[in-house]
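Trainee: What follows is the residue order along each chain.
There are 2 protein chains.
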Amino acid sequence: MLTAAIAPGTAMSAPGNRKMGYAIVGLGSYATRQIMPQFANCESARLVALVSGTPAKLERYGAEYGVPRTHLYNYQNFDSIRDNPDIDIVYVVLPVSMHAEYTIRAASAGKHVLCEKPMAMSSAECEAMIAACRQAGKRLMIGYRCHFEPHNRLAIELARAKFVGPTRQITAAHGFNISAGQWRLDRTMSGGGSLMDIGIYSLNAARYLTGEEPTEVVALESTDGDDPRFRTVEDRIDFTLRFPSGVIASCVSSYSSGHNDYRVIGTNGWIAMEPATPYSGHVMHVRKDGVTERRELPPPVKNQFVAQLDHLPECVSAGNEPIVPGEEGLRDLRIIEAIYRSARERRAVTLVSA
Amino acid sequence: MLTAAIAPGTAMSAPGNRKMGYAIVGLGSYATRQIMPQFANCESARLVALVSGTPAKLERYGAEYGVPRTHLYNYQNFDSIRDNPDIDIVYVVLPVSMHAEYTIRAASAGKHVLCEKPMAMSSAECEAMIAACRQAGKRLMIGYRCHFEPHNRLAIELARAKFVGPTRQITAAHGFNISAGQWRLDRTMSGGGSLMDIGIYSLNAARYLTGEEPTEVVALESTDGDDPRFRTVEDRIDFTLRFPSGVIASCVSSYSSGHNDYRVIGTNGWIAMEPATPYSGHVMHVRKDGVTERRELPPPVKNQFVAQLDHLPECVSAGNEPIVPGEEGLRDLRIIEAIYRSARERRAVTLVSA
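So the protein lines, in turn, are chains S and F. Using the numbering used here, you'd call the opening residue of the first sequence number 340 and step up by one each time. Using the numbering used here, you'd call the opening residue of the second sequence number 340 and step up by one each time.
The set of hints was computed from the structure by calculation and includes no laboratory data. Any given hint might turn out to be false.
Stated by the list, open to error - FRET-style restraints, in silico, Cβ to Cβ:
1. N659(F) / T631(S): 37 to 47 Å
2. S619(S) / T606(F): 16 to 26 Å
3. R499(S) / Q373(F): 47 to 57 Å
For glycine and all other residues, C-beta sits at the position ideal for the given N, C-alpha and C.
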């Protein structure tokens with residue numbers, strides 16, 4: 340299991356069972372509200388450094404988490420993290436436009452990297468990030484937290500075990516009614532609209548629920564050009580994916596309506612999650628042989644955030660590739676580019692597997 | 340309201356409040372199990388004649404419903420219904436390939452026509468049916484029963500009244516795991532696979548929930564050519580429709596997985612139905628301002644089958660066009676043809692409104 344503690348005696352790259360040290364780069368609300376409080380529950384990870392362009396944030400969160408002044412960095416002196424042996428891993432939680440730069444600088448400074456999704460502005464950037472980490476001999480992992488979440492892991496197991504018969508259809512919808520004034524609505528920082536930010540959950544779910552890579556996509560976009568939120572990025576973009584086994588996934592991505600659900604439909608029932616990918620409060624129903632039942636899971640030993648933070652150090656120690664490596668982010672970006680192309684050129688786009 | 344009784348004194352084409360007489364053409368399971376038992380609850384319709392190619396069926400159902408031998412017809416002597424003044428309306432419940440012929444023959448025999456969906460094999464056939472009925476001065480209605488069903492009618496009202504904000508997205512899925520050996524699986528009789536038979540509910544729902552006609556469609560088909568059920572018709576075909584207001588509808592149609600749901604998602608919540616279009620047992624939930632509630636409706640005065648059977652006689656009496664005239668069936672067929680074309684040609688297809 341991903342969440343198993345490292346057994347005593349396991350070879351480790353660091354002495355003893357020392358927790359590996361994370362530097363958090365970017366102190367926005369996701370980093371400060373969702374991620375940083377989770378280190379208290381980690382077995383293999385600890386928060387040791389902060390990077391921000393805002394001195395007041397460094398001051399505030401440094402005090403809150405007991406990070407010494409020597410371990411507070413800004414974007415100018417970021418590269419000096421190379422001289423700080425307490426930092427093993429850099430977690431990039433910046434706007435998308437900064438992911439590639441800070442991943443590559445972190446690897447060049449001799450650090451492993453955990454980078455938020457979407458991985459980068461383009462598949463070309465993803466490839467450069469992968470190459471930089473490989474060249475530096477460092478691990479690269481992408482922040483696909485759902486892969487560490489128990490309901491989603493059970494859905495994957497049930498779907499791949501054909502619990503409701505072979506999968507025939509997937510439906511997946513993710514969206515919210517976005518408020519104005521965010522970097523997400525500025526294409527130069529986000530790389531795109533709802534698809535890059537939230538629709539990627541529909542896409543990634545279709546891939547992890549099938550365990551396959553899509554071979555074809557058709558997409559249709561709808562954006563109200565008069566809505567000031569959508570001057571540079573798309574609002575809604577729905578896309579349909581074909582998988583090699585014949586499964587079709589019909590996916591919704593929206594910045595003006597609320598969605599957080601998916602369903603795997605087999606020949607004999609379905610597995611439904613709604614909400615499917617929240618921070619907490621997942622609800623799962625399974626219908627089989629004409630009977631629908633709710634599946635309730637016990638509280639996990641590690642929640643998805645803790646399990647994700649612990650996974651990379653454990654991979655580094657064991658010499659393993661993370662379950663969501665840079666290549667996983669690259670695959671999504673290639674499909675995202677195909678979705679955008681399909682919508683723009685009004686035609687089906689064939690995907691060539693990497 | 341559609342279901343209101345005709346007020347005393349309303350001008351009627353038949354003397355007094357006489358119920359109009361229906362001839363049922365085609366005694367398959369839908370006609371005999373779902374439709375014929377409903378006449379007992381009709382105000383404006385009665386069953387007066389039967390048409391079948393199977394003498395044993397005529398014998399059995401004639402006896403069961405008290406239809407005299409003089410009012411039992413086969414496909415050879417069908418045209419002699421013109422001489423039977425008890426027959427006002429012919430209800431065509433035949434395989435799709437026979438819809439156009441029997442609609443046109445019924446109109447030529449001076450009868451109004453109620454024809455099951457899908458209306459015909461092609462839009463060209465639909466146009467011929469509409470022309471024949473117009474020329475004969477007879478009404479033509481298509482059996483879109485959901486337009487007469489209270490939960491669906493409430494969903495339409497709530498969606499169009501922007502109860503959960505302006506609609507942004509619709510998702511709709513219809514399908515079942517079809518058993519072999521049905522005329523539906525023979526393209527020469529059905530005109531197509533899941534889309535013609537069950538996916539049409541997703542399509543029609545997207546149209547009645549928006550009250551708009553789509554302007555563009557993209558589609559993707561997936562059929563296992565090794566499955567003996569799918570030698571001549573498609574299994575799954577998912578399609579995405581764009582509407583003039585900007586709404587996108589993401590629709591599923593399947594012959595190998597079970598689906599019966601739709602959802603209208605606005606800027607402030609959603610209206611969900613599952614099952615959405617069953618014969619009975621509809622379940623509706625509405626989410627608004629972050630609160631989800633089930634909407635339960637009292638048993639209707641007339642169920643969807645009774646209301647549909649009564650509607651055409653009441654339109655004939657009042658000189659009104661039915662709410663689901665031939666043109667409604669034609670619109671669906673034109674879009675179905677565009678969906679098939681999009682899947683075949685792997686490109687978006689633009690729809691020109693009729």
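Trainee: All the hints need checking, so say for each whether the structure fits it.
Mentor: Each hint, compared with the structure:
Remark: the range hint 37 to 47 Å for N659(F) to T631(S) is upheld by a beta-carbon distance near 42 Å. Checked against the hint of 16 to 26 Å, the C-beta distance between S619(S) and T606(F) comes to roughly 25 Å, which is consistent with it. In this structure the hint that R499(S) and Q373(F) lie 47 to 57 Å apart at CB is violated, the actual value being about 39 Å.
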